[in-house]
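Residue numbers (the working numbering), protein chains in the order written: chain A, 1 to 565; chain B, 1 to 166.
Hints should not be assumed to be uniformly reliable.
Straight-line alpha carbon distances no greater than 25 Å define the calculated SDA-like cross-link-like pairs of lysine to any residue that follow [claimed, not checked]:
#1 A:Lys244 <-> A:Phe308
#2 B:Lys76 <-> A:Arg516
#3 B:Lys76 <-> A:Leu514
#4 A:Lys434 <-> A:Ala518
#5 A:Lys434 <-> A:His510
#6 B:Lys76 <-> A:His510
#7 A:Lys434 <-> B:Gly95
#8 A:Lys434 <-> A:Pro422
#9 B:Lys76 <-> A:Ala544
#10 A:Lys434 <-> A:Arg516
#11 A:Lys244 <-> A:Arg495
#12 B:Lys76 <-> B:Ser115
#13 A:Lys244 <-> A:Val305
#14 A:Lys434 <-> B:Trp98
#15 A:Lys244 <-> A:Glu258
#16 B:Lys76 <-> A:Pro513
#17 A:Lys244 <-> A:Gly363
#18 A:Lys434 <-> B:Ser100
#19 A:Lys244 <-> A:Ala348
#20 B:Lys76 <-> B:Arg99
#21 A:Lys434 <-> B:Tyr97
#22 A:Lys244 <-> A:Thr359
#23 B:Lys76 <-> A:Arg517
#24 B:Lys76 <-> B:Ala146
#25 B:Lys76 <-> A:Ala518
#26 A:Lys434 <-> A:Ile456
#27 A:Lys434 <-> B:Arg99
Honestly, the hints are just simulated from the structure, not real lab data.
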Amino acid sequence: MTASERRLHPASILFDTARYARLFLWPALLAFLGGGRRRGTDLGPFDFGDADVWLWVLVLPSVALSVARYLSFRVHYEPGELVIRSGILFRNERHLPYARIQNLDAVQNVFHRALGVVDVRIETGGGTEPEARMSVLPVAALGEMRARVFAGRAIPPEQGAELASEDFGIEHRDDAMERRDFSPGDAPEADRPTRPEAAPTPTGAYRPGTLPTPNGAHRPEADAVPLLHLPLRELLLHGFLENKGMVLVGAAYGALWESGALNRFYSWIFAGSVDARGLFREVLAFLAGRGTFPTGRLLVALGGVAGFLVLVRVISMAWAFVRLHDFRLTRRGPDLRITYGLFTRVAATIPIGRIQTLTVHQGWLHRRLGRASIRVETAGGQAGAAVRDREWVAPLVRVERVPAIVSAILPDVSAAPVAWQPVHPRAFRRAVRKALAAVGLVSLLALVALGPRALILGVPLALWAIVSTRQHVRHLGWSATDGTVAFRSGWLARRETLVRVNRIQAVSTHESPLDRRARMARLRVDTAGAGERSHRVDIPYLAADLARGVAERLSSLAAQTAFRW
Amino acid sequence: MTVPGPDRQLDPRFIPQQRLVGRLTALAFTGPSLVVLLIVLAAADDVPGWGRVALGVLWLLLVLALAWHAEHWPAKVYAHARYALDADGLVIQRGVYWRSVTHVPRSRVQHTDVSQGPLERRYGLGTLVVYTAGTDHARVSLPGLAHEVAGALRDDLRPGRHDDSV
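So that you can see chain A by itself, here it is in the shape it has in the complex (with noise of 0.2 Å):
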């Protein structure tokens, strides 16, 4: 054992074992109460019937686990980065380095303070799960790490040593812990007035949050842009083509439906002179050729259904008048504000340092009405805390406002149009061998189903194949500069994403077989704090050089970035 290699406190056996065996409670409960019934016989002070055999399988690996644990956990306190062994069968060898630690989190429930111990777990940010856990490190040894760690993050030595002689704040809780916020050097941090006196906060928790940044040059607040406001009828309009509506009707007629209040509203409808089920067979035996064909109820019913969308739009446009009255964007030095509501009123600030990507959303109705919606997407440096993804900072906004809104909320992306260039010539060709291959099989089984007469129903089915994916493919478009990577798709409703270099975290190609026969890859860039339907650079059919060499380039430039949360 070297000078700086620490082990786990002994009591992380126990610890261990509880919290596995916290997974075997209710089994080995009930295997115990019902082994004891079945056998009843006292046997002695060791022996529960069959029970007992259970509980011990389910104890002794879960007992061995931690002590195994135990035996091979080594932490090593290195120049630059925390370094933690683990397993006997299994290794592993984590580097930590100190720079990228975000979060030093310290829980102390009863037991853990009863036995002079904490439960430790490290952040670097990116995952949900907290990155290392220590559990359990004597409480000498977390003030250690924290002087460690904060020596290691090139804090001045003065201030380093003033914090580990502080007294060491351990969050006092049983449960969840609270898990805080470490962003050093990020713009935004860097604005607030710094309190190195506030370190340790009274309530005791580990602060880093409100340390001073090395850097942390400190800027006078500069005073609010007005980026966008919402009068009433773009708010009307944004409602309008939302339609949000639709989701309230969802919901409503769900609750309806619950409630039973449904089946007095059918039969009133249904069993007057309006059914539906016989208008449609009237209109069926009109085209056989047979009876009259019913026109007043039938422009009864085709108003009924005119008055419901039209219903649906109102209630989109009134929700939008609710939710997103008074809508304001502005910018306020490095954050952008967001006040909106008219019973609640929401202020969102998002640090611009936060934003990953930006999406401008384009609706067909949209188009023609001259009009997109921005959103952006954040990450924070919480891990597993709730991040507001896919901020709206733009609901409804003119497409002629949408370069200088763009180039407010990113300053350093060019303000010049983004130059799209075409997927590979032969994309389209690629596209629609697939897609008619979709055709071919839903028509082949719609034959097998419903005999000769579904043949019918293929030839539109694949027209409509060739003219949208005709448009699909031509309105893909991509453009990669030293700056930022941008990446459009979408005929009828468009969307253009951009990310920023600095902002990239990997890039891959990838070929399919088929990629490969026709020598194209497709090129994807990834970054952080993407959610599962957010539109993503993802560029298909590209040439295969192409794909690779945009890669390496997109690649190298990240890498002479910095990376910020």
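Once you have looked at the hints, place chain B on chain A.
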């Protein structure tokens, strides 16, 4: 224009190690599935003779396919895997049919793992795992390196080695 990919190959011991993994996997499938097969054959009285033969043949084919895969696949994986670590970062190329090249810039590496399972240890191999703040590539692993090489790559990826921009 042809862009040269990464040029370093994995450790050749990756092939026998992966074969061993494949064989163990095949064994782990063969034993229990044979038991299940025998139980099914014993329990199902109404299955005709040809059905029994077909089931047996199907099982045999599956086992043979697994065995063939265990023997031949590792060499293919090895032949198509390349990596490089340069001033910009780590580049990993992999995939036999579906190929990918992943670039992880140096300045985006949050932390690293070098891990070694029991089978890897037997062949002196290790796996390098690089973590980023990204979404799809939050965890990028590179198995099949000599353990010392994995350690050396890890040391080379430490912040402040090449990049002075942070």
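Checked hints:
no. : hint                  : result
1   : A:Lys244 <-> A:Phe308 : 14 Å, holds
2   : B:Lys76 <-> A:Arg516  : 17 Å, holds
3   : B:Lys76 <-> A:Leu514  : 19 Å, holds
4   : A:Lys434 <-> A:Ala518 : 14 Å, holds
5   : A:Lys434 <-> A:His510 : 18 Å, holds
6   : B:Lys76 <-> A:His510  : 18 Å, holds
7   : A:Lys434 <-> B:Gly95  : 23 Å, holds
8   : A:Lys434 <-> A:Pro422 : 20 Å, holds
9   : B:Lys76 <-> A:Ala544  : 22 Å, holds
10  : A:Lys434 <-> A:Arg516 : 15 Å, holds
11  : A:Lys244 <-> A:Arg495 : 19 Å, holds
12  : B:Lys76 <-> B:Ser115  : 23 Å, holds
13  : A:Lys244 <-> A:Val305 : 18 Å, holds
14  : A:Lys434 <-> B:Trp98  : 17 Å, holds
15  : A:Lys244 <-> A:Glu258 : 22 Å, holds
16  : B:Lys76 <-> A:Pro513  : 15 Å, holds
17  : A:Lys244 <-> A:Gly363 : 14 Å, holds
18  : A:Lys434 <-> B:Ser100 : 21 Å, holds
19  : A:Lys244 <-> A:Ala348 : 22 Å, holds
20  : B:Lys76 <-> B:Arg99   : 12 Å, holds
21  : A:Lys434 <-> B:Tyr97  : 19 Å, holds
22  : A:Lys244 <-> A:Thr359 : 20 Å, holds
23  : B:Lys76 <-> A:Arg517  : 19 Å, holds
24  : B:Lys76 <-> B:Ala146  : 19 Å, holds
25  : B:Lys76 <-> A:Ala518  : 22 Å, holds
26  : A:Lys434 <-> A:Ile456 : 21 Å, holds
27  : A:Lys434 <-> B:Arg99  : 20 Å, holds
Hint compliance for this structure: no hint is broken.
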